[in-house]
Amino acid sequence: MKAVAMSAIETEELTRRFGSSTAVDHLSFQVLEGEVFGLLGPNGAGKTTTVRMLSCLVLPSEGSARVGGYDIRRDSLKVRQIVGLLTENPSLYERLTACENLDFFAEAYGLSDLQEKRERIRELLEFFDLWERRSDKVATFSKGMKQKLAIARALVHKPPILCLDEPTSGLDPESAKAIRDLIERLSQHEKHTILLCTHRLEDAERLCSRVMIIRKGKTAFVGNPEELRDRMTGQPVLQVTLRKVNKKIIESVRKIKQVREVSVNKSACRLMITLDDAKSATPEVVRNVVYADGMILSVNAIRPSLEEAYLKMVKEE
Amino acid sequence: MKLRIHRVMLVFRKDWREVSRNWEVILPIVVIPFIFSILLPVVIVLIPNLADVPGINIGDLETMIRNLPSHVRDELGGMTDQQVLVYIMSLYFFAPFFLIIPLMASSVIASDSFAGEKERKTIEALLATPLSDSELFLGKILVSFIPSMIVTVISFLVYSTTVDVLSFTLFNGRLLLPNIVWVMLIFGLAPTVALAAIGLTVTISAKVKGFREAQQISAVLLIPILVLIFGQVSGAVIFGPVLIGAMIGIFAIVDLLIFHSGVELFKREEIMARLA
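Residue numbers (the numbering used here), protein chains in the order written: chain A, 1 to 317; chain B, 1 to 276.
The set of hints was computed from the structure by calculation and includes no laboratory data.
Do not rely on the hints blindly, as some may be mistaken.
Some chain B residues judged to face chain A by a derived CB distance under 8 angstroms, without partners named [what the hints assert, rightly or not]: (1) R17; (2) N22; (3) K121.
Computed list of chain B residues with no C-beta within reach of chain A, every gap over 12 angstroms [to be verified]: (4) I32; (5) L91; (6) I123.
Below, in silico cross-link-like pairs of lysine-lysine (BS3-like), each with a Cα-Cα straight-line distance of 30 angstroms or less [to be verified]: (7) A:K117 / A:K143; (8) A:K218 / A:K117; (9) B:K121 / A:K78; (10) B:K2 / A:K218; (11) B:K267 / B:K209; (12) A:K216 / B:K267; (13) A:K143 / B:K209; (14) B:K121 / A:K117; (15) B:K121 / A:K177.
No experiment lies behind these values; they were computed from the predicted model shown.
Think of the CB as a built atom: it goes at the ideal place given N, C-alpha and C, for glycine as much as any other residue.
Please build the complete structure, drawing on both the sequences and the hints.
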């Protein structure tokens with residue numbers, strides 16, 4: 001029997017108003033245990049306010065939410081205990097050293113055993129290549145190093161739920177990849193639940209099992225990245241590259257019932273075929289091309305990127 | 001609301017590490033006590049009188065002497081004018097200044113407590129921790145209170161030594177300080193007054209957006225102490241054991257009220273909402 005995943009985060013009609021403006025407008029969603037859930041949306045969409053409500057930093061004006069089974073209004077201290085938060089700004093004490101920053105937060109989150117605390121801090125600083133700089137004041141760190149230290153802070157108490165606001169921003173490609181690998185590992189092997197706010201669509205595409213797009217505080221879409229692409233751009237386009245393109249081949253493709261459109265790039269010897277159902281029609285396309293004496297070099301189902309789908313979604317009114 | 005002392009001290013240690021590495025904060029803590037405990041008494045009273053150069057004379061303190069309690073006036077009976085002047089100035093005139101020392105020494109740290117964290121954008125991570133509101137609030141109070149009281153006590157020791165050394169010959173080997181009034185003032189009244197002022201300043205710091213705003217508002221808290229100074233100089237208020245004892249009792253109650261209302265008013269959700 002397949003185990004049913006429990007909700008790590010559950011919101012119901014979550015709303016936050018600031019004066020007359022509504023930052024988050026009746027958001028309802030669930031994040032399952034061990035899932036990486038992406039919050040996407042343009043600036044000012046309400047992503048950070050949503051994360052702040054779920055981390056008990058801002059009270060909702062309406063609605064409710066449970067994080068790790070705890071109500072964010074009634075059990076705020078318990079929610080804070082089980083959530084690791086990477087804030088929009090690194091939020092580090094610049095006059096303290098890297099070690100002193102982590103030491104303070106480790107103890108604030110209840111890691112009081114000295115040996116355990118030291119080992120955890122060392123483990124994190126070594127992972128993020130900051131061990132050699134452990135005794136340096138944070139003020140002397142680069143933006144990327146501060147970001148890494150802020151992520152280390154969010155992880156210091158091994159929280160089951162992580163809220164990461166733009167974790168790869170300000171990082172060089174190598175460090176950004178290390179963070180993506182870390183998020184993947186935390187989710188897959190250590191079963192952390194991760195709520196990921198990001199502008200980087202490649203991060204969302206690679207890491208998130210589901211994404212939610214917020215627009216003007218409201219849910220515009222919830223689903224996996226594949227569903228988002230399907231919804232915004234329909235079926236993939238079949239790209240067939242041949243040794244030579246001729247009229248006979250083009251006609252043989254056009255007469256297939258499921259083919260909606262065929263565009264030809266003669267110089268590249270390529271056919272771009274729009275189909276009703278790419279999955280079921282592809283074998284027939286290949287067969288017809290071969291019967292028309294076409295020499296196929298490659299067949300690819302071309303999908304629009306998540307970025308294209310996302311941009312289309314956020315521009316939709 | 002939970003209050004775990006080791007967590008309060010955690011906030012204190014973190015803040016003190018930051019404060020002790022900031023010379024802009026440390027400088028007034030060191031300079032102000034030096035001015036009040038050494039410079040002012042030496043320049044205004046002790047040197048002019050002991051070295052016989054022009055300074056304050058006995059006529060300037062007539063009202064103050066007239067309003068002194070009878071047992072103190074009796075004590076002055078057998079003294080020379082020079083002795084009376086040094087005695088009154090050292091023991092009575094400068095007493096209220098020692099209430100200013102903890103207030104001024106703590107003013108920068110207390111104003112910076114939450115407002116500084118907001119300005120430096122460190123507040124979000126701090127408020128996201130499971131430290132309770134009262135632990136955060138008390139930790140922030142202590143980081144202003146403990147150093148300012150250490151400075152006050154050191155200033156008192158320095159002042160007593162300065163007065164005793166410089167007046168030793170004038171009073172034929174008699175030590176003027178410490179006496180009961182000063183001990184009650186430094187170890188009873190100064191801490192209770194400082195706690196009240198720091199509690200209010202930290203509460204203000206949590207409410208306003210920036211450090212400067214907090215410091216400007218908290219400067220108003222010096223006014224009652226200045227009233228006491230003018231009261232003492234004019235002879236309207238004279239610090240005696242009974243008055244100091246009563247003031248300690250009143251300020252202890254005020255401290256409790258301020259702490260409770262400060263914690264009640266400290267709403268971390270409101271702080272973040274205001275910053276959003």
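Status of the hints after comparison with the structure:
1. R17: For R17 of chain B, the interface hint holds, since the closest Cβ of chain A sits about 6 angstroms away, which is under 8 angstroms.
2. N22: Since chain A brings a Cβ to about 6 angstroms from N22 of chain B, closer than 8 angstroms, the hint holds.
3. K121: At about 4 angstroms, which falls below the 8 angstroms cut-off, the nearest Cβ of chain A leaves the hint on K121 of chain B intact, so it holds.
4. I32: Fine: 22 angstroms to the nearest Cβ keeps I32 of chain B off the interface.
5. L91: holds, 42 angstroms
6. I123: violated, 8 angstroms
7. A:K117 / A:K143: Answer holds: K117 of chain A to K143 of chain A is near 25 angstroms, not above 30 angstroms.
8. A:K218 / A:K117: Violated. K218 of chain A to K117 of chain A sits at ~41 angstroms, over the 30 angstroms cutoff.
9. B:K121 / A:K78: holds, 24 angstroms
10. B:K2 / A:K218: violated, 36 angstroms
11. B:K267 / B:K209: holds, 14 angstroms
12. A:K216 / B:K267: Since the Cα atoms of K216 of chain A and K267 of chain B sit roughly 27 angstroms apart, the hinted pair holds (cutoff 30 angstroms).
13. A:K143 / B:K209: holds, 25 angstroms
14. B:K121 / A:K117: holds, 25 angstroms
15. B:K121 / A:K177: holds, 27 angstroms
The structure fails to meet hints 6, 8 and 10 from the earlier list, while all remaining hints are met.
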